[in-house]
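Peer 1: Protein sequences appear in the order of chains A and B. In this text, residue positions in the first sequence follow numbering that gives the first Met the number 0: the first is 0, and each later residue adds one. In this text, residue positions in the second sequence follow numbering that gives the first Met the number 0: the first is 0, and each later residue adds one.
Source of the hints: derived by calculation from the structure; they are not laboratory data. Among the clues, some could well be false.
If chains are identical, the list can't say which one is meant, so a pair holds when it fits in one copy or spans any two.
What the hints assert, rightly or not - Pairs of lysine-lysine residues, derived as DSS-like cross-links and limited to a Cα-Cα distance of at most 27 Å, are as follows:
1) LYS268 x LYS390
2) LYS271 x LYS390
3) LYS390 x LYS106
4) LYS311 x LYS375
5) LYS375 x LYS341
There are 2 protein chains.
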Amino acid sequence: MRTEIIAVGSELLLGQIANTNAQFLSKELAEIGLNVYYHTVVGDNPVRLESAIKIAKERSNIIIFTGGLGPTKDDLTKETISKSLGKNLVFDHSALESIEDYFARTKRTMSENNKKQALVIEGSTILKNDYGMAPGMALEADQTIYMLLPGPPSEMSPMFKNYGREFFQNQLGIQDKIVSRVLRYFGIGESQLETDIQDLIDGQTNPTVAPLAADGEVTLRLTAKHTDEKTAQKLLDEVERKINVRVGDFFYGYNETTLINEVMAQLVKKKKTIAAAESLTGGMFSELVTSLEGASQVFNGSIISYTNEVKKQILHIQEETLAAYGAVSEQCAKEMAEQVRKLLNSDIGISFTGAAGPEQHEGQPVGTVFIGIADKDQTNVYALNLAGSRKGIRTRTAKYGCHYLVKLLNEIE
Amino acid sequence: MRTEIIAVGSELLLGQIANTNAQFLSKELAEIGLNVYYHTVVGDNPVRLESAIKIAKERSNIIIFTGGLGPTKDDLTKETISKSLGKNLVFDHSALESIEDYFARTKRTMSENNKKQALVIEGSTILKNDYGMAPGMALEADQTIYMLLPGPPSEMSPMFKNYGREFFQNQLGIQDKIVSRVLRYFGIGESQLETDIQDLIDGQTNPTVAPLAADGEVTLRLTAKHTDEKTAQKLLDEVERKINVRVGDFFYGYNETTLINEVMAQLVKKKKTIAAAESLTGGMFSELVTSLEGASQVFNGSIISYTNEVKKQILHIQEETLAAYGAVSEQCAKEMAEQVRKLLNSDIGISFTGAAGPEQHEGQPVGTVFIGIADKDQTNVYALNLAGSRKGIRTRTAKYGCHYLVKLLNEIE
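Excised from the complex, chain A in its bound form (with noise of 0.2 Å):
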């Protein structure tokens, strides 16, 4: 099956959006396994969009049509594709129905330009749209399967997952269920993680492993087919095993977690409140808890010591220990996290030193990170020399914080 996506739009045509939508079809439909041969992007002009639906129509047995479907004189898809499929546009009436629901939920009023929202190409399926008023559709005609789609990207996507992807599956009589799963990993390289799992990505092929890098951490997606859903989780479960095996010391959770997440969930569970003395990180941490809702009931606050006197001044830092060592030193770091613990009287502290660029710090090279964590009992101090720019060392070294927290976590109880 050749597939090809074509999106309607005058606004792709100038630069003021990217075909994003094109990129995530094009990512749905090789999972289910569908071959994309081409993307076109043609204003919205019905000329033009015609030739554009006759090339199409030579070269490949699949359609998709995203844009074009709103309700103004300009959206001329499902228009345009009719009159080339010498079909008829006629009223549906649940589309309407739910168009009508739409606008009473929204408390917004309707107008007669709406109610053509609800005109679809007679002998289509309709596709739903939980997210906006134009139906999708979807039909075959002369050997050829068209879906049109609606252009914003809350609508389509969730329309394409819900209802075009079944379609498809039922039309070309795919009986498998598609299940996938992101397993996180942070403190591994890309490079580092593909070598120590090498065969398994190369040999399997039911579950899929397909790494993916971006912000320093590694992500495999796996994905199993089977037809039934519960088997397809156990392929799953197994390949998940036998990764982790290997490089599960690097793992942290699954899907759309982050780092932070973990910690959060970490301290809620096991009921610590946490405190943070930042130098190189400048406050990077500290926004990172305070982003996610109900900070306050593990977080009390930070010290931001970006100078040596407020390092003295207000953490107590020992003069001596500055005088020796440097700000960027294990034995400052270690300082800083039990002070800030105590002083901001929590269970944990957390402290961030070092030197981000662009220049050397205290002589020390750019890259220098120390990272201490305190809690009642005792401190660790991580040393690390990262590479990179002034923001990648800075916001590695927030998430190393996090990774090393989330370990000591785990070991408490």
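Position chain B against the provided structure of chain A, taking the given hints into account.
Peer 2: Below, chain B alone, put in the same frame as chain A:
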């Protein structure tokens, strides 16, 4: 002139990346008056690429290709185009030299494959690649203009901006220089700003005035065309003056600047140091400041007082203030700014307190915000009622802090 952009690359059809190159080029082309009628994406497949070229030739006068200029076997763009035009590929010596240079500079070993990148279509104008190895090409054949650009955006965009645009201007006899200027505003909504200058937006054709809103800020992009660049700049000056007579109170800077950049520039210029007491924003302001190189010149540190205990113990906010007015109050914001200024021995103290949501804080509705700014002579407190998500409220609070700081710093010597 009908323009088409053809992106070559299977990674696009697999949904691994979005076609942001087409977006970038569409914007750039619109600025020099070229209308884009189609975007096409095709994989690394010579047969399908050839057919895409054939279709494009029939419907477009200008065809711009991105991608497929790399050293691997998959990279076939120039091979396929030269074949379809009946032209040879020849070694370009300056391209070969700059490839050799590139390897010498980055201390990597050059492979035989890399030499392939110096092959160009005979008779084409070479577009220099300042950020990579693959040279771009441009040529006219059969009344059609062809331009070949590399796929990585970091190579493609500077190549087009610096060389590609000029090629079109010369080729099409466009005498006009095009100059743009972005004006940045904060503290005024998009619809208000548009209402205030609607007649200027509608009435202006040279320069054009295009508003855009993002992250609580509004920008106006002014674009002027003239054969003489100085005259084009004067046209921009004139319309800028007209606009800022009306909305200049909210103007804060040009082009790529940010509010925090303006704060930093003012602090450096006025030789002032700053410290922050953050409650609501939880470190966001401090993180913004310290994300900038040279922050240590002006930033002493912060106290993030997320609990009342920390406000009392570390910031020494009076028990009576918290009892009588609460932490989310003008009085508390005032004391926080004054205390952090004094404790951290800084010229300026800034404070942020409020209710970020999702729940009320001390009975104050979500979005209630107080920002205090103290210097040696006085303390100003600003009260805001912000709508939106937790993230939106926190982000705009930090930005409002920057906005007020810039206003105050502008006024002092």
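Peer 1: The structure should be examined with respect to each hint, and the outcome stated for every one.
Peer 2: Quick rundown of the hints versus the structure:
{"no.": "1", "hint": "LYS268 x LYS390", "in the structure": "between (31 Å within a copy, 24 Å between copies)"}
{"no.": "2", "hint": "LYS271 x LYS390", "in the structure": "between (30 Å within a copy, 25 Å between copies)"}
{"no.": "3", "hint": "LYS390 x LYS106", "in the structure": "between (44 Å within a copy, 25 Å between copies)"}
{"no.": "4", "hint": "LYS311 x LYS375", "in the structure": "both (22 Å within a copy, 23 Å between copies)"}
{"no.": "5", "hint": "LYS375 x LYS341", "in the structure": "within (9 Å within a copy, 31 Å between copies)"}
The structure meets every hint from the earlier list without exception.
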